[in-house]
Amino acid sequence: MKRLFILCLFWFGSSAVVAIVESSEQESAEPILNATVTLREHGYTLGDMIDMHAEFVLDKRYAFDPNSLPLKGPVTPWLDLRDIAFTREKMPDESKLIQIDFKWQLFGTVAEAQLINTPEILLRTLPVEVVGKENQQTLLLRIPPHGFYLSPVLPEKLSDEEAPRPIIPPPRFDTATPLKLGLLNLALALLLIIYWLYIKDKIPWLPRHPGGMTLLARQIRAQGTAKQSNLSEADMRMIHAGLAGCAGQSLYPNTLEVLFEKAPYLVHEQDNIRQFFEASWQLFHQENTTSDEISKDDTLAWIRRAALAERSFVR
Numbered sequence: 408m409k410r411l412f413i414l415c416l417f418w419f420g421s422s423a424v425v426a427i428v429e430s431s432e433q434e435s436a437e438p439i440l441n442a443t444v445t446l447r448e449h450g451y452t453l454g455d456m457i458d459m460h461a462e463f464v465l466d467k468r469y470a471f472d473p474n475s476l477p478l479k480g481p482v483t484p485w486l487d488l489r490d491i492a493f494t495r496e497k498m499p500d501e502s503k504l505i506q507i508d509f510k511w512q513l514f515g516t517v518a519e520a521q522l523i524n525t526p527e528i529l530l531r532t533l534p535v536e537v538v539g540k541e542n543q544q545t546l547l548l549r550i551p552p553h554g555f556y557l558s559p560v561l562p563e564k565l566s567d568e569e570a571p572r573p574i575i576p577p578p579r580f581d582t583a584t585p586l587k588l589g590l591l592n593l594a595l596a597l598l599l600i601i602y603w604l605y606i607k608d609k610i611p612w613l614p615r616h617p618g619g620m621t622l623l624a625r626q627i628r629a630q631g632t633a634k635q636s637n638l639s640e641a642d643m644r645m646i647h648a649g650l651a652g653c654a655g656q657s658l659y660p661n662t663l664e665v666l667f668e669k670a671p672y673l674v675h676e677q678d679n680i681r682q683f684f685e686a687s688w689q690l691f692h693q694e695n696t697t698s699d700e701i702s703k704d705d706t707l708a709w710i711r712r713a714a715l716a717e718r719s720f721v722r
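In terms of this note's numbering, the sequence shown opens at residue 408 and continues consecutively.
Treat the hints as calculated values from the structure; they're not laboratory data. Don't take each hint at face value.
[Claimed, not checked] In silico DSSO-like pairs for lysine-lysine, Cα to Cα no more than 30 Å straight-line:
no. : residue 1 : residue 2
1   : 467       : 510
2   : 479       : 467
3   : 609       : 703
4   : 634       : 607
5   : 703       : 607
6   : 634       : 703
7   : 497       : 479
8   : 503       : 467
9   : 503       : 479
10  : 634       : 609
11  : 669       : 609
12  : 669       : 607
13  : 497       : 467
14  : 479       : 510
15  : 669       : 703
16  : 497       : 510
I would like the entire structure built from these sequences, with the hints used as guidance.
Have a look at this one:
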């Protein structure tokens with residue numbers, strides 16, 4: 408009788424334990440919401456990055472737990488999670504659109520093209536204690552595996568051909584034309600440099616027969632007239648001699664037009680030349696006149712311009 412009582416007590420106790428476990432399992436069972444996953448499925452090889460986008464709409468009763476997101480780092484021996492970012496967007500019906508972007512990197516290869524799956528990721532909503540809503544369970548958010556094709560890095564099998572393949576010679580580029588163009592450009596550059604030196608009167612033996620203004624500019628440069636405070640009478644007579652050399656004869660106030668006929672390149676400076684000629688002529692032949700009326704800087708400037716025009720003039 409005692410044994411029968413003990414057996415009945417054990418049976419009732421085990422039944423109660425089973426009922427409690429079943430009820431707790433039912434209470435702990437969480438509803439699952441699968442996310443929508445999109446990614447490019449082809450064209451991956453060793454070291455490539457995989458951009459995966461997952462999104463799901465969460466009812467207004469639930470709040471997403473960002474702490475359930477996976478951490479960056481190795482996930483499998485051949486796959487690393489390099490970056491993860493998520494955004495929340497409130498919908499018109501007060502539900503929330505959760506979007507998560509994953510960036511994976513491959514660290515493995517295959518012998519031939521093979522379908523590989525991304526790992527399954529489980530996320531959660533915030534528990535009841537945090538949300539503060541009664542009669543609510545946490546929601547399990549599942550990002551299912553998604554397949555993509557991984558391509559091999561090396562060919563499946565190396566060639567066993569005994570005879571070596573013929574060596575394809577590199578294409579023969581046209582080297583003659585660039586060489587000719589280079590030499591032509593070099594020659595043009597040298598000619599331009601020589602012409603620039605000629606124009607600036609930096610080559611003493613060019614021109615072979617220098618004109619009067621060129622000789623005058625050289626004499627002024629050699630004597631250092633630019634360092635003087637004023638033009639001396641000797642400087643003015645030297646300038647008169649230079650103008651006479653351009654005209655091919657002695658010049659007087661009434662024969663100054665001959666200068667511009669014989670040296671037409673001086674027409675642009677005729678106002679400066681006339682002014683200098685008249686002022687210096689009065690200084691030579693009249694009393695109580697000084698050289699202060701003649702500007703040294705202006706005179707040297709038009710002499711340099713006249714010499715440059717003389718060298719540039721095509722006879």
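Against the structure, the hints:
The suggested pairing of residue 467 with residue 510 holds, with an alpha-carbon distance near 28 Å, which does not exceed 30 Å. Only pairs whose Cα atoms come within 30 Å are accepted, and residue 479 paired with residue 467 is accepted, the gap being roughly 29 Å. Of the supplied pair hints, the one linking residue 609 and residue 703 holds, its CA atoms being roughly 23 Å apart against a limit of 30 Å. For the hint linking residue 634 to residue 607, the alpha-carbon distance of about 20 Å falls within 30 Å, and the restraint holds.
Between residue 703 and residue 607 the alpha-carbon distance is near 21 Å, which keeps this suggested pair within the 30 Å criterion. Only pairs whose Cα atoms come within 30 Å are accepted, and residue 634 paired with residue 703 is accepted, the gap being roughly 10 Å. Simply put, residue 497 and residue 479 have alpha-carbon atoms about 27 Å apart, close enough for the 30 Å limit, and the pair holds. With a CA separation close to 7 Å, the supplied pair residue 503 and residue 467 stays within the 30 Å bound.
The straight-line distance between the Cα atoms of residue 503 and residue 479 is roughly 25 Å, inside the 30 Å bound, and the hint therefore holds. With a C-alpha separation of about 20 Å, the suggested pair residue 634 and residue 609 falls inside the 30 Å cut-off, and the hint holds. Between residue 669 and residue 609 the alpha-carbon distance is near 26 Å, which keeps this suggested pair within the 30 Å criterion. Between residue 669 and residue 607 the alpha-carbon distance is near 23 Å, which keeps this suggested pair within the 30 Å criterion.
A C-alpha spacing of about 9 Å is found between residue 497 and residue 467, which places the hinted pair at or below 30 Å, so the restraint holds. For the hint linking residue 479 to residue 510, the alpha-carbon distance of about 10 Å falls within 30 Å, and the restraint holds. A hinted pair counts as satisfied when its Cα atoms are at most 30 Å apart, and residue 669 with residue 703 qualifies at roughly 26 Å. For the given pair, residue 497 sits about 25 Å from residue 510 by alpha-carbon distance, which is consistent with the 30 Å threshold.
Going down the numbered hints, you'll see the structure goes against none, and every one checks out.
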